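K.L.:
Sequence:
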Amino acid sequence: MGKNVNPVFKVVSYILVAIFLFVYLFPLFYIVNTSLKSAQDYLLHPTSLTTTFSFSNFAVAWQKANFGTYIWNSILYTTVCTLTSLFMSVMIAFPISRKYVPASKFLHYLFLCGLFLPSGMIPLFQLILKVGLYNTKIGYMLVMTGVNATSVFFFTGYFRGIPKDLDEAAAIDGCGYLRYVVSTVIPLSKPAIISMGMLSMIGVWNDIVSSTIYLTSESNYNITRGMFVFQGQYSNDWTLTAAALLIVAAPLILIYLFGQRYIVDGVMAGSVKG
Numbered sequence: 001m002g003k004n005v006n007p008v009f010k011v012v013s014y015i016l017v018a019i020f021l022f023v024y025l026f027p028l029f030y031i032v033n034t035s036l037k038s039a040q041d042y043l044l045h046p047t048s049l050t051t052t053f054s055f056s057n058f059a060v061a062w063q064k065a066n067f068g069t070y071i072w073n074s075i076l077y078t079t080v081c082t083l084t085s086l087f088m089s090v091m092i093a094f095p096i097s098r099k100y101v102p103a104s105k106f107l108h109y110l111f112l113c114g115l116f117l118p119s120g121m122i123p124l125f126q127l128i129l130k131v132g133l134y135n136t137k138i139g140y141m142l143v144m145t146g147v148n149a150t151s152v153f154f155f156t157g158y159f160r161g162i163p164k165d166l167d168e169a170a171a172i173d174g175c176g177y178l179r180y181v182v183s184t185v186i187p188l189s190k191p192a193i194i195s196m197g198m199l200s201m202i203g204v205w206n207d208i209v210s211s212t213i214y215l216t217s218e219s220n221y222n223i224t225r226g227m228f229v230f231q232g233q234y235s236n237d238w239t240l241t242a243a244a245l246l247i248v249a250a251p252l253i254l255i256y257l258f259g260q261r262y263i264v265d266g267v268m269a270g271s272v273k274g
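For reference, each letter of the sequence shown is one residue, going 1 to 274 in the working numbering.
Just so you know, the hints here were simulated from the structure itself, not pulled from any lab data.
Model, not experiment: these values are computed from the prediction.
Straight-line Cα separation of at most 35 Å, DSBU-like style, residue types lysine-lysine; simulated pairs:
(1) 190 with 99
(2) 105 with 164
(3) 99 with 164
(4) 164 with 190
(5) 190 with 105
(6) 190 with 137
(7) 137 with 64
Using the sequences and the hints given, assemble the complete structure.
P.N.:
Here it is in structure tokens:
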């Protein structure tokens, strides 16, 4: 079939891929180029290629934004929120996929409807405020932790591809429900869990809206909240801002490079098995 592909179609396909590649990579290239410029070079030639290569911008941005302190808060928030959200989503999606709970089909569509509902930020803010968890790490993690409708819907489709015979064999061997899910279902669902885990990590690590609303003490700031120091009343230091953006994005880029295979496998398997 591949030998009969129209040459014109192949050329057009390569051109389209090159265009999309340029559209996606140009912003990243622009940020890297800006981060390596001196402040004077940026003011004189904001769009030209850098000639100064000021690598010291990264060290200055790290110190100015106090990333050395905030990064540990971000690691704490991201780890706790991601693991908790994944565990709750798995524990909810598995019985729904197996129809072990009453009205499982209704619950499945209920979570599907949750994809289109607003976040409910105002009542959530009032709740956190009344229980005394405003401006606390626990309160912020409760806000960022939750049963993601997307994860539940995705896991439900993925779990349906796991043979139900394994459930029966585990029950005959006397394996408890929780032990079976942790020791068997979760390892078999590693591609799906990694895929949803990375999406959850990106959401928590890059969060700026909720951290601005719920965190007012500098000791509780996450790493993205530290970006506000580069915003002045009359001007912004764009070279340091670009360097700080790369510092914030670097951990996620590295994680994606090592986990992209699992993302593709998880999405493909979930779409087919669902």
